[in-house]
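Visitor: Chains V, X, Z and F, in that order, give the protein sequences. Once you know that position 277 of the first sequence is 277 in the numbering used here, the rest is easy, because the numbers rise by one and skip nothing. Every number in the numbering used here is 1000 more than the matching position in the second sequence, counting from 1. Every number in the numbering used here is 2000 more than the matching position in the third sequence, counting from 1. Every number in the numbering used here is 3000 more than the matching position in the fourth sequence, counting from 1.
Among the clues, some could well be false.
[Claimed, not checked] Some residues of chain V that are not near chain X, with every Cβ distance over 12 Å (derived):
#1 T50
#2 N86
#3 G89
#4 K95
#5 T184
#6 G215
#7 R270
#8 K317
#9 V325
#10 K341
#11 K360
#12 N379
#13 Q390
#14 K405
#15 F406
#16 Y416
[What the hints assert, rightly or not] In the DSBU-like style, the derived pairs of lysine-lysine whose C-alpha atoms are separated by at most 30 Å in a straight line are:
#17 K237/V with K185/V
#18 K56/V with K360/V
#19 K405/V with K185/V
#20 K1134/X with K3163/F
#21 K341/V with K360/V
#22 K1174/X with K354/V
#23 K94/V with K372/V
#24 K341/V with K56/V
#25 K95/V with K372/V
#26 K228/V with K72/V
#27 K317/V with K72/V
#28 K1134/X with K3075/F
#29 K228/V with K2243/Z
#30 K1174/X with K425/V
#31 K2243/Z with K1134/X
#32 K341/V with K372/V
#33 K360/V with K1174/X
In case anyone wonders, no lab produced these hints; they're calculated from the structure. Quick reminder that beta carbons are idealized off the backbone N, C-alpha and C, glycines included.
If you want the building blocks of each chain, they are given just below.
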Amino acid sequence: MSTTSKRLRTLTALGALGTTVALVLAGCGARAGDSASAGGTSAAPSCVDTSGDSIKLGFLNSLTGGMAISEKTVSNVLHMAADEINAGGGILGKKIAYIQEDGATDWPTFAEKTEKLLTQDCVAAVFGGWTSSSRKAVKPVVEKHNGLFFYPVQYEGLESSPNIYYTGATTNQQIIPAMDFLATKGVKRLFLAGSDYVFPRTANAIIKLYAAKLGIQIVGEEYVPLDKDDWTSQVAKIVAAKPDFIFNTINGSSNVGFIKAYYDAGLNARTTPIISVSIAEEEAPAMGHEVTGHYASWNYFQSLKTPTNPKFIESWKKYPNSSGVTSDPMEAAYISLYLYKALVEAAGSFDVDKVNAAAKSNAITFDAPEGKVTLDGDNHHISKPGHIGQINPNNQFDIVWASDKFIEPDPYLEGYDWFPADIRKQLVDAAG
Amino acid sequence: MTKLKPWISLGGIGVFAFLLLGVAPLVLTDHWINNLGKYCCWAIVAVGIGLAWGRGGMLVMGQGVFFALGAYAMAMHLTLETAGDRIPGFMVLYDPLAPLPAFWEPFRSAGFTLLAIVLLPVIVSGILGYALFKRRVKGAYFAILSQALAVALATLISSTIRQTGGDTGLSDFKYFFGFVLNDPANKLLVYLIAAGLLVVCLLAVWQLYRSRFGELLVATRDAEERVRFLGYDPANVKLVAFVASALMASIGGAMFVPIVGIITPAEIGAAASILMIAGVALGGRASLFGPALGAMAVGWGQSSLGSTWPDGWTYILGLLFIVVILFLPNGLSSLPARFAAARRSPAPPPPTPAAAAAELEGVRS
Amino acid sequence: MHVDALIAPLLNGSAQGALLLLAALGLSLTFGQMGVINMAHGEFLMIGAFAAYLVQQVITASDLSIPVALPVAFVVAGLFGLLLEVTIIQWMYRRPLDTLLVTVGVGLILQQAALHIFPSQGVPVEKPSWLDGQLSILGYQWPFRQLFTILLASVCVAALAAWLKYTSFGRRIRATVHNRDLAETSGISTRTVDRLTFFTGSGLAGVAGVAASLIGGTNSQMGAQYIIPAFLVVAAGGIGQLKGTIVAAWAVGVALAYFAYWTTGSLAQVLAFILVIVFLQVRPQGLFTVRTRSLV
Amino acid sequence: MTDASLIVTDLHVEFSGFVAVGGVSFDAHPGEVRFLIGPNGAGKTTCIDAITGLSRATGSARLGDRELLGTPVHKIVRLGIGRTFQTASVFDELTVLQNLDIAAGRHRPWTSLLRTRRGVDPSIERALEETGLTAELATPAGILSHGQKQWLEIAMLLVQDAKVLLLDEPVAGMSQDERTATGELLQRIAAKRIVLVVEHDMDFMRRFATRVTVLHQGKVLSQGTVAEVQADPKVQEVYLGTAGAATTAAMAVVPETVAAMHQPEEN
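Generate coordinates for the entire structure from the input sequences, incorporating the hints supplied.
Guide: Okay, here's the thing in C-alpha cells:
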C-alpha cells in the first residue's frame, strides 16, 4: 500500500513540475492577439560574422535519397561558382567558405538544416532546394530567422517571400512561352500529362486557362504518382484522345517510362510531339534515342549562343564530378550565387535588410549564360529569356523558338487578363 | 532483485524526465532544442512500436498511417488557425469558389482537433487490427500489409492536393493554439509538451510492461496458439497493444507538426515508416528505454552525421539494420546483459525454439 | 464508349500483371519456399536492369543485346542473391521476420551504391527494334513490347514450374520446404538447396529488371516501386503457390489498369492496394492453399 | 467436478484430399486415464486438434451436451477443455509463476490485467504442489528441464481449471523416474477430470492406462482395457509386422513432402 501511494506521489510531482514549467513559459510567450507579434517575426539579431576575410554561405541540396538524382548537380555547380568567385577575389573582398548540407530528400530535414545553417553556422545566405516541398519547408524558417534563401529551380509560381530569391523560372517564363510556341505551331488539340504533385497540377490549371484564351482544346489530362514509371494505361488514353501535341509536366524517372510507353503505343515525334518542362540536357541521356525530336521549354540551353555561355560550359566540363553537360536548373543555381554577390556588393553589406533594400533598386543584373538577367526587387524573381529547344540525337537542344525579349517575372500572373482576378486576390491574401 | 527492477526503471524515467525537461532547456540552443523536440516525437512513436513489435511481436511497418492521422489533424487545425476566415491558399487555385472541404470544418475547433488526435488512430487501428487479428493475419503478412497501407495513404494524400495540400503538404503555421510559433519561448513550450508526452508514454508503457497484461502480451508473442489454449483470444490481446501503439504514433505525429513546421506525405510513406523502426531495432525492441533512446540516437545521427558525411550516413543506416538485427536482435540495450552473461558463463544462451517456431508459423500461415 | 476503350485496360493490365508476376516470382520462391522476406528484392531487380545497360555497352546492337542481357541479368542478380544468402540470410533462418529488416538495410546500401556508381539521372536501356510496332486487337493497337513482357513472364513461369517439378533438384527444394529435418535425414544437403533457391529467386528478379528497364527508367530508385506490390501479389496468391501468384499478379495488373482508366493513376494505386488488403482480410491464406495438419 | 463425458463420434479430418482421420469414435469419462495410441501417422494428434478446434473436422465431438466442432478455439477452452502439445510450449521468457498466472487469468475481470500481480493465487500454489514445481516459482520457464516443462504445462491446465485434459505425448523424452512421477500425477488428477493421453510409449501406457483406443491409418483398430488391446491380433500385427517406419511416419507429418520426394509411386 505504501508503495502505491509513493508512486502516486512521484507521478503527481512529475505532473506538477511539467505543468508549472509550461505555465511559466506560457506567460512569457507571445499570443496571437499580442500587438508585438503582429509582424510575426521577432528574429534574434543575426549572428553572421563579417569581421574576417571570409564569409560563410550554406548550400542545401539532397545528396542522398530519391532527389539526389537531380540535386547533386546543383550542389556541384554551386561549388564551382563559389570557386570561381573566390578566384576572382570573393564577395566584398571576402572569400566564400561554404558549408554543404544534405537535405536527404526529406522536407523536415530541409527545415532543420536551414535553421542549423542560419543559427548554428551563422551563414549569410542559404542556396539550394529543388522540390516545392523543400522550398515550402525552408520558407517559414528563413522568414522566422530573417535569413536569405536562393532557390534555383523553375516552379509553379504564386508565391513570394521577402527572404527568398527565385532564380528559376516562374510560370510566365516557362509555361506561357511554351503555350505561345504551341499557338505558333497551330496546335488545336492538346493533352496534359503530368506527375501527380503540386507543380504539374498548378501548371496545368494555368495551361487550361491560357489554352481557352488561345483557342486550344484540352483533350485530356492524366497524372501518375511521382515514383511510378509505368505509363501504359495513361498512354492508351492519349492514343484514344488523338491530340496533336502533348504538354508534359512529368518529373523524374517517370519521364523515361512515359516516353517508352509513348513509343510502344506507336506515337512519335512527327505525329504527336511532346513539349516538356522538366527534361533538360541532364535528363535526356537516360531516355535514350526515343526522346529525339521532342521539345522542351527552358530559359537556358547548353546550345545558347551568348557571350558568357562558352566559358560556363568550359568551366563545368573541367569541374571535378561534373556531368559534362549544362542545363537550366544548374545554370539557375550558378546565377543564384552570382546574383547574391551582385546584391551584396550593391548593398555594401551582408546584412539581410540592406541586401533586400539594394534589391529594390531593380538594377541588380548579372551576365548569365542565358543572357543578362535583371532582378525584380519586389517579387525577388529575375527576368529570363524564353526558349524552346528541340532535342537532337546528341541529346542537345536546337533552339527553335525564342521570346522576342526577356520576360519579366510575374509570379501572380498580374499581367495576364485571362487569369481570374479573384483567384489572384485570394492567393495573394492567403500568402499574407 | 526482480522486485526491485521495476523501481529502478521508474527511477530511470525520472532521470530521463529531469534531463529532458529540466537540463536540456538550460544547456541547449534553440536549434538543438527544436531538434530534440523532433527526436522526442520519433521517440514517442518508437515507444509504441516497441510495445507492438518488441513485446507484442507485431512488426508494425506502417506506423506512418497513424503518424499521419495525428500530424494532419494537428496541421489542419494550425492551417485554419493561420488562415483565419480565409480559405487556405493552396486550395484556392483549383476551385476558387468552392468552400472549405467538409472534413476540414470541425478542425477549426481546438477541442475537436485534440479529440481527433486521440480518437482517430484508436478507431482506425481498432477496426484494422480487429479485422486482421481476428483473421489471424500475422508475421510478415501483417508487416507487408501495414506497409502497403502507409504507401497507399501517402499516394492518396499526394494526389488530393486541394483536400490535403498534396506532396508539398501543409506548412507555414503561424500559431499554435493561440501562441505565436515564431516566439522562441513558445517553441520551448511546444518542446516541453512533446518531451512531457514522451515521459508520459514511457510511464504508461512501464506500467503496462509490469502488469499482467504485459506478461500476457509477451506470452502471446512467443506462443500465440498456447495462449489461445488458455482461453484467451490472442486477437484481443494484440489489438490492445496495436491500438496503444497507434495512439502513440498519432501523438508523435501531432507534436511533430508544430515543432518541424511541415508535414508531407513523404513523412508517412514506406521509407519514413521503416526509419521509425530503425531506432527501435537499434535501441532494443523489447526493452523499456531502448526504443525511445534508439529513435533519438537515429534522429541525432541523421542531424549530425548526415551533415558531416551524408553519403556515409545512408551506408551507416543500412549497416545498422544489418549488424544490429544480425548480431544484436535485442538491440544495444541487451549489451550489458550479454556482457554479464558472458562473464558468468562462456556459452551463449540457446535460441528459443518455441519462439522461432511460432514466428515461422506466423510467416508461413 | 468504344470497344477498344474496354479492351485496352484488359490488355495493358495483363502486361502490367506480367511485369508484376516477374517481380513476384522470385519472391514467391524465396518467401514462399524459404520463409525469407527479402526487401532487397527490388534492388536485385535494379541490378538486373543495370546489367542490361552494361550488356548494351558491350553489344551495341539492341536487337541482340536484350536477348543476351536476360541470362546475364539472371546470373548477375542471382550471384548477388547468393552473396546475400551466404553472408547474412543463412544465419537468420530461425528468425524470418528479422530477415525483412536486415534486407531493408541491404536495399538501402545497394541503392546508395548504385547512385555512386552510375550517372545519378539513370542510364538508358534501348528497346530492340523487333519490339517496335503494335498488334491490332478489336481496334486497339496493342504494343508488341507488352506482348513481350507477357511472353517473358510465361517462359519464366514455365521454366520455374518445370524445374521444380521434373528435376531432382526441384524435388529436393520442395522436400526441404515441406520438412527440413526429414529432407536432411534423407540425405539432401539443405544448405545447397537454400543457396540454389536463393540464387534462382534473386536471378528471377534480375530478369524482371530487364523487363522493367524496357518500361521505365533504369536508376537507383527503380526497385522501390516494385517491392510492395510484388509482396502483395505473393501474399494474395497464397504462399508457395505458383498458380496463385500468377492469378493474383494478373488480377492486380488488370484491376490497376481499369482503375487507372476510370479514375486517376494515383487513385488506381490506392484502390489496388486496398483491394488486396481487403481480399487478404477475407482470405488470409491467399487464393490457393494446401491445408496441412497444423504444426504448433 | 463434472459428470459430463467427452464423446467423439465418426470424426473425419481431411487435408487437401489426404484423409488423416477417417471416422473415429471413442469416449472418455472422468476418473479414468484414457489412452490414445497408434503408430506415427495414425491420426492421434489430429483427433486432439479436431476436438480443440485447431483442425476443421466433420462428425461430432461433444462434452456433455455441448458440440465442440465448429466452436472457436478459445471458446472451447472456456468450456473447460485444455491441452498440451508434443513439443512443450510454455512461455520461455516468463517465469513459472507468470506462466501459471496467465493460465489462471481468464477467470479474473479484465481490469485486473492492467494491474501488477501481488502475491500468489491459492489455485496456483495448489498446482505447484501437485506438480512439484514449488521450488521453481521464479525460474524462467525456458531454462526448466524438459520434464519440468511438461509438468508446468499440466500445472497450467490445473490452474486453468480444465475439466478435460488432452495431453499429447506428455512423457516423450523423460527419464524413467520422471515417467513414473508423471503417470502417478495423471492418475491423481484424473480422479475428478477427464484425462486423455496420446502416447507412443507402450510401457507407460501399460502401467497407467485405464482404457485404450488404438488408431491406425486414421481408423480405430481396437478399443478396450490394456489387456484386451494387447491381446488383439490386429494390434500385434500393426506394431510388430509392417512397421515401414520412415515412410509411414513421413506421410503422416506432411503428406506433400512424400509426394514431392517419391513422386509418383506412392501417396
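Visitor: What hints, given by number in increasing order, does this structure fail?
Guide: none
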